[in-house]
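Chemist: Protein chains in written order, with this note's numbering: chain R, 1386 to 1733; chain Y, 88 to 429.
Hints listed in this document are in silico derivations from the structure and should not be mistaken for laboratory results. There could be a bad hint or two in this list.
[Unchecked claim] Reference excerpt, derived from the structure (chain Y facing chain R, CB under 7 Å, subset only):
#1 175
#2 199
#3 200
#4 201
#5 205
#6 207
#7 215
#8 221
#9 222
#10 225
#11 320
[Stated by the list, open to error] Ranges between beta-carbon positions, derived for each pair:
#12 1604(R) x 231(Y): 34 to 40 Å
#13 300(Y) x 1518(R): 44 to 50 Å
#14 1642(R) x 214(Y): 54 to 60 Å
#15 341(Y) x 1518(R): 25 to 31 Å
#16 203(Y) x 1394(R): 26 to 32 Å
#17 363(Y) x 1424(R): 42 to 48 Å
#18 94(Y) x 1462(R): 29 to 35 Å
#19 1529(R) x 232(Y): 47 to 53 Å
#20 1671(R) x 232(Y): 37 to 43 Å
#21 1518(R) x 208(Y): 17 to 23 Å
[Unchecked claim] Sample of chain R residues with no beta-carbon within 10 Å of chain Y, all distances over it, derived:
#22 1407
#23 1417
#24 1418
#25 1420
#26 1424
#27 1489
#28 1536
#29 1574
#30 1576
#31 1579
#32 1680
Only a predicted model underlies this, so the values are computations on that prediction, with no experimental measurement involved. Glycine is no exception: its CB is placed at the ideal position from the N, C-alpha and C atoms.
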Amino acid sequence: MNTDTLVKQLCDLNAPAGCENLSAEKLKSFFEPLCDKAYVDPFFNVIGYKKGTSKNPKKIIITAHFDQIGMIVSGFEKGGFLRISNLGGIDTKALLASEVIVHGREEVFGVIGAKPPHLLKEDETKKNVKMTGLFIDTGFPDDILKQKVSIGDPVTMLAPVVTLKNGCIAGKSLDNRTGVAALVLILKELQNMKHPNDIYVIATVQEETGLLGAITSSYSLEPDLAVVIDVCHGDMPEADRSQCFPLNKGIPVAIGPAFHSEYTDALFEVAKRERIPTQRCIEPGNPGTEAWAIQVSRFGIPTVEACIPLRYMHTTAELVSLKDIEAVATLVARYVSEDIIKTTEETF
Amino acid sequence: MMRKLAELTMLDGISGNEQEIRKFIIQNLADKSLKHYTDSIGNLIVKGKTDGSSNLKVMLAAHMDEVGLMVNYITDDGKLKFSPVGGIDSRILIGKHVRVGKCKIPGVIGYKSIHLQDKNERESVVKIKNLYIDIAAKDKENAEEFVNTGDYVAFASEPVFFGENRIKAKALDDRAGCAVLMELLEEVWPFELYACFTVQEEVGLRGALVAANRIKPDIGIVLEGTTCADVPKVKEHEVSTVMGEGPVLSFADRTSIADRELFYHFLKTAEKEGIPYQLKRTTTGGNDAGRIQTSGTGVKTMVVSVPCRYIHSPVSVLDLNDLKNMLNLVSKALHILPELGR
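Same shape as in the complex, but just chain R:
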């Protein structure tokens, strides 16, 4: 399967934060043929384990979250309409006139509407419509709708992933199915490589709502090193250039207090040796990724992060380059297959 098909299949899965059970088993089937053991943990983190060759293997985890932002049904309105709340940091500006699936007792199609533009007062036309002003139109009579949908049901955006020019694709949930695709590609690369350490790839849950999957999985696996793969901002018009990264111009590697400086240096060295271009992604504090949680799990876990530049994050227009996904996978695969873990002195 080529990367394009892989990413598109992964994006077709629906895993709104907190409801990853909808797709965990399906996701497991992507890992299964490529590792020694694949399993779904109690929180629906999907884990693929690949045994190392060393007699005393250390443990490396590679995480990429597979949950997606969405909405949640918060009420009914007469005429087949549903009220909604956000699930994760959704941009309400990008919701009007979008298509959605409500995951109720059955999947229900709907479109997102609001008060029509010709009825807005002067001041209303200047302000962005808030979540409370939006609704889903399901087209069903109220009694039938209530048999299909309950308050609390998750809602996902419905948009295809399309192929654009220059090996780029755009659509929904590329944050962070591109990272999950990289996990699959890493397992593929590891088929042909010897690696001393045990490697766990983890597609984590509930990143968008508070890093829960990273917290639980890093605690339970107690790794010696963690590699986080997530998206960062791609270069967009009118956006601050210091905070976004051009596509196809190298893998942004995160630098800052959340990241272990020596292991990060080692990552840059591997990249240099393998002739994989990198960029420096400066994160002076909380990077907003799983690294923030994993770093302080247990007694502290050295953590590094490699990113995939993505434009228009948290909309159905998310745009990435396939080459960046392949490059991040190659880089991380080479990195984790090295005898990289330094033995630390016994403390107490």
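With chain R fixed as given, assemble chain Y onto it according to the hints.
Modeler: Below, chain Y alone, put in the same frame as chain R:
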């Protein structure tokens, strides 16, 4: 009719660029022997079958064009700037998928991520001048291999049948009217019927005027998609039409006042035949009737519409029963039209 409607919405026909729609209608005329003519502005005029019992001239009009965008500038980094063609609510644009130009190059409308917006940007409506179409071109030169300024841009939105008897699609305004008009061309009429599939309604009712001047009809009936605001947060007096309550008869709108005799003829026909109908409760909005009415020495006009929620967006919605009832009402009312006399 519903399959035809769905197919019609899959075609792109932004005002001034209606040829795909025109071609589809010609190819799908039930009776290939019908005479048709395309005028200089692009209106498609089809002469219906008649039994010759009356020489009354009736013009039926539905517009082929839809709202969309047009590329007006390509930036150095290969992004496309654009202008709206027709009335588009700029609030709906972020995150939408589009097709650019004749080759239908896929693109997305992007805006910088919410994480990078300041408080003011998060709360205010983004202006079109701050939005860009991204086709993932490397730079301007690369973009110009695929697109050009002046290229038309259509929303990428496939028709979906959903809920109970509903369809979601782009361009239901006025492919719905086109679909009804195509059905009407399958019947034999007791007068001279001119089916006009008009152009450029959305940019100022341009096509209908030219068509009416050529045909010089006695009566003009416009088949439209009209606003439907029967949704939460809207006060009752602001609701112009209600979805599912039947085709809409307009006594007046911003561009024309219906001929009273015609209006009551349609109303009485609906009541006599037991066809659901509703009256448009506001007089806003305009359509081709405004131009047809004042063409030549004056034409008696009337507008029949189907309610259309989220009109002018990629997810406009209509009720299939409303459309069936619209076809039924127009057909029944027209068959006894010559009794009105002149």
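Chemist: For every hint, state whether the structure bears it out.
Modeler: Against the structure, the hints come out as follows:
Violation of the interface hint for residue 175(Y) is found here, the shortest Cβ-Cβ separation to chain R being roughly 9 Å, above the 7 Å cut-off. Using the Cβ-Cβ criterion of 7 Å, the hint placing residue 199(Y) at the interface with chain R is satisfied: the shortest such distance is roughly 4 Å. Hint status for residue 200(Y): holds, given a least beta-carbon distance of 4 Å to chain R, under 7 Å. For residue 201(Y), the shortest C-beta to C-beta distance to chain R is roughly 4 Å, which falls under 7 Å, so the interface hint holds.
Residue-level restraint check for residue 205(Y) is violated (minimum Cβ-Cβ distance to chain R is 10 Å; threshold 7 Å). With a least beta-carbon distance of about 10 Å to chain R, the hint placing residue 207(Y) at the interface is violated under the 7 Å criterion. At about 13 Å, the closest approach between the beta carbon of residue 215(Y) and any beta carbon in chain R exceeds 7 Å, and the interface hint on this residue is violated. The restraint placing residue 221(Y) at the interface with chain R holds, with a minimum CB-CB distance near 6 Å, inside the 7 Å limit.
Given hint, residue 222(Y) at the interface with chain R, holds; its Cβ is 5 Å from that chain's nearest Cβ, closer than 7 Å. Taking 7 Å as the C-beta contact cut-off toward chain R, the hint placing residue 225(Y) at the interface holds, the least distance being around 6 Å. Look at residue 320(Y): its Cβ gets to within about 5 Å of chain R, closer than 7 Å, so that hint holds up. At about 53 Å, the beta-carbon gap between residue 1604(R) and residue 231(Y) misses the expected band of 34 to 40 Å.
Taking the beta carbon of each, residue 300(Y) and residue 1518(R) are about 45 Å apart, inside 44 to 50 Å as hinted. The given range of 54 to 60 Å is broken by residue 1642(R) and residue 214(Y), whose C-beta atoms sit roughly 38 Å from each other. For residue 341(Y) and residue 1518(R), the hinted distance range of 25 to 31 Å is satisfied, since their beta carbons lie about 27 Å from each other. Here the CB-CB span from residue 203(Y) to residue 1394(R) is close to 30 Å, well matched to the stated 26 to 32 Å.
The hinted window of 42 to 48 Å between residue 363(Y) and residue 1424(R) is violated, with their beta carbons roughly 58 Å apart. Under the hint 29 to 35 Å, the C-beta atoms of residue 94(Y) and residue 1462(R), about 33 Å apart, fit the expected range. In this structure the supplied range 47 to 53 Å holds for residue 1529(R) paired with residue 232(Y), their Cβ-Cβ distance being about 51 Å. In this structure the hint that residue 1671(R) and residue 232(Y) lie 37 to 43 Å apart at CB holds, the actual value being about 42 Å.
A hinted range of 17 to 23 Å for the beta carbons of residue 1518(R) and residue 208(Y) is consistent with their spacing of about 18 Å. With a least beta-carbon separation of about 20 Å from chain Y, residue 1407(R) lies farther than 10 Å from that chain, consistent with its non-interface assignment. No beta-carbon of chain Y is positioned within 10 Å of the beta-carbon of residue 1417(R); the least distance is around 33 Å. Consistency note on residue 1418(R): stated as away from chain Y, and its beta-carbon is indeed over 10 Å from all of that chain's, at 32 Å minimum.
Taking the minimum C-beta to C-beta distance to chain Y, about 33 Å, the non-interface status of residue 1420(R) holds against the 10 Å cut. Remark: the non-interface label on residue 1424(R) is consistent with the geometry, its nearest Cβ contact in chain Y lying 33 Å away (cut-off 10 Å). For residue 1489(R), the requirement that its beta carbon stay farther than 10 Å from each beta carbon of chain Y is met, with the minimum near 13 Å. No Cβ of chain Y comes within 10 Å of the Cβ of residue 1536(R); the nearest lies about 16 Å off, and the non-interface call holds.
Consistency note on residue 1574(R): stated as away from chain Y, and its beta-carbon is indeed over 10 Å from all of that chain's, at 26 Å minimum. No Cβ of chain Y comes within 10 Å of the Cβ of residue 1576(R); the nearest lies about 31 Å off, and the non-interface call holds. With a least CB separation of 37 Å from chain Y, residue 1579(R) remains clear of the 10 Å interface cut-off, as annotated. The claim that residue 1680(R) lies off the interface holds: its Cβ sits roughly 20 Å from the closest Cβ of chain Y, which is beyond the 10 Å cut-off.
In this structure, the earlier hints numbered 1, 5, 6, 7, 12, 14, 17 are contradicted, and the remaining ones agree with it.
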